[in-house]
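Construct the entire structure; sequences and hints are all you get.
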Amino acid sequence: MPDASEPCWLERTRLQRLLDVLLERGFEVHGPVLRDGATLFAPVQRVAELAAGWRDEQTPGGYSLEPCGEARTFGVVSGPGALKPFVFAPHEPLLQVRMDGPGSSFEAEPVLPEGHKVAVLGARACDLAALAVQDRIFLRGRFPDPHYAVRRRALFTIGVSCTRSVSTCFCTSQGTGPEVTGGYDLALTELAEGFVVRFGSPEGEDLVGALGLPIASEEALRRERSDLDACAEGIERALDSGDLRDLLYANLGHPRWEEVGERCLGCGNCTMVCPTCFCHDQRDEPALDGAASLRVREWDSCFNPEHSQIHGINFRARVRDRYRQWLVHKLAGWVDQFDTSGCVGCGRCITWCPVGIDLTEEVDAIRRTEGAS
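Numbering (my numbering), first residue to last: 20 to 392.
I should point out that these hints are in silico values taken from the structure, not numbers from a laboratory.
Just so it is clear, CB atoms sit at the ideal spot from N, CA and C, and this is done for glycine as well.
Fair warning: there could be bad hints in the mix.
[As the list claims (entries may be wrong)] Cβ pair distances, simulated, as ranges:
| # | residue 1 | residue 2 | range |
| --- | --- | --- | --- |
| 1 | Ile-234 | Glu-133 | 37 to 43 angstroms |
| 2 | Leu-240 | Arg-282 | 42 to 48 angstroms |
| 3 | Asp-39 | Glu-212 | 18 to 24 angstroms |
| 4 | Arg-44 | Arg-302 | 35 to 41 angstroms |
| 5 | Val-374 | Glu-222 | 41 to 47 angstroms |
| 6 | Pro-274 | Thr-32 | 57 to 63 angstroms |
| 7 | Glu-252 | Arg-159 | 32 to 38 angstroms |
| 8 | Gly-134 | Ala-311 | 42 to 48 angstroms |
This is the structure in structure tokens:
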């Protein structure tokens, strides 16, 4: 049995066996599939269901897929979805409240998810880094979130290192990619003939043992390193984060906020596709007979005007204020709260912004004219 320092080799023709073993062990396997002009993580049972032979082109405000003429299974870098929905559900019940009778007392019972086993195949390095950030938010501190914890324990992650990038990527400047280096159960690097495989947990090691994989050849490892280095060198966008916290705090009155506020639609797309954003709302869904009520949690956005509405006043009534809140919190406030940036450089907020706002450009504009008022 190889140890963790010995990468293994999975022939391309045996990728189906990996899925079969996961399914046999009771996992619901999700992988990147083609849907509605993009790729999404969805349940799969066969390799043929994956988005093989395609690649994505991403620009500010633009996303397209095209056949690439290669047999690569993971040629698409990313779609709008990441790992967040698997652990932080977009909509979920928290509490069931029942009345004993008219004018009587009530009972409140927590509602926890079942926590069925889910394996995600094709998570990118930035997605795994984002999952680690979400773990800090939901699991550390005085009040860990029980709903997140149930789903997180049941999640098996199979990361795929990037050997190509798109124009909106800036993971290298965030130290989160393109190579999968942590936070995984299994990690794959796709080459022409197959995959270099590493395990990062006892569960991953057990799966490698069940597959009976051989040690990867020196030639495979050399080509892997060459492809990873070329991918990293090809990433052009960057976010200079060395003094970013202090820069943003010192420029809360910068005129750039007004300028970007005129372009921003306030739609919240950036927060919905962001793999780390965690704003949410809680509300009650009463039964029609008034005898019961369900307290639910659902994703919200700091771009939603109602998110900043309190007792008759909205303290972020303008779009410029909501954009500033999002960017400053993500790049500065998170450092204070969680000792980490809230940005992993995946570039989704740039790609899926309808008007192509690029947070790296916004930061650069403030940096170039620091102190303007």
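Hint check for Arg-302 and Arg-44 - Cβ pair distance inside 35 to 41 angstroms: Holds - the Cβ-Cβ distance for Arg-44 and Arg-302, about 38 angstroms, lies within 35 to 41 angstroms.
Is the distance from the Cβ of Pro-274 to the Cβ of Thr-32 consistent with 57 to 63 angstroms? Holds, since Pro-274 and Thr-32 (Cβ atoms, about 59 angstroms apart) stay within the stated range.
CB of Ile-234 to CB of Glu-133, is that within 37 to 43 angstroms? holds (39 angstroms)
Kindly confirm whether 32 to 38 angstroms is satisfied by the beta carbon distance between Glu-252 and Arg-159. Distance hint for Glu-252, Arg-159 holds at roughly 35 angstroms.
Taking the beta carbons of Leu-240 and Arg-282, is their distance inside 42 to 48 angstroms? holds (46 angstroms)
Asp-39 versus Glu-212 beta-carbon gap, inside 18 to 24 angstroms or not: holds (20 angstroms)
Per the hint of 42 to 48 angstroms, is the separation of the Cβ atoms of Gly-134 and Ala-311 within bounds? violated (24 angstroms)
Taking 41 to 47 angstroms as the stated bounds, is the beta-carbon spacing between Val-374 and Glu-222 within them? Check passed, 43 angstroms falls within 41 to 47 angstroms.
Against the hints set out earlier in the document, a violation occurs for number 8 only.
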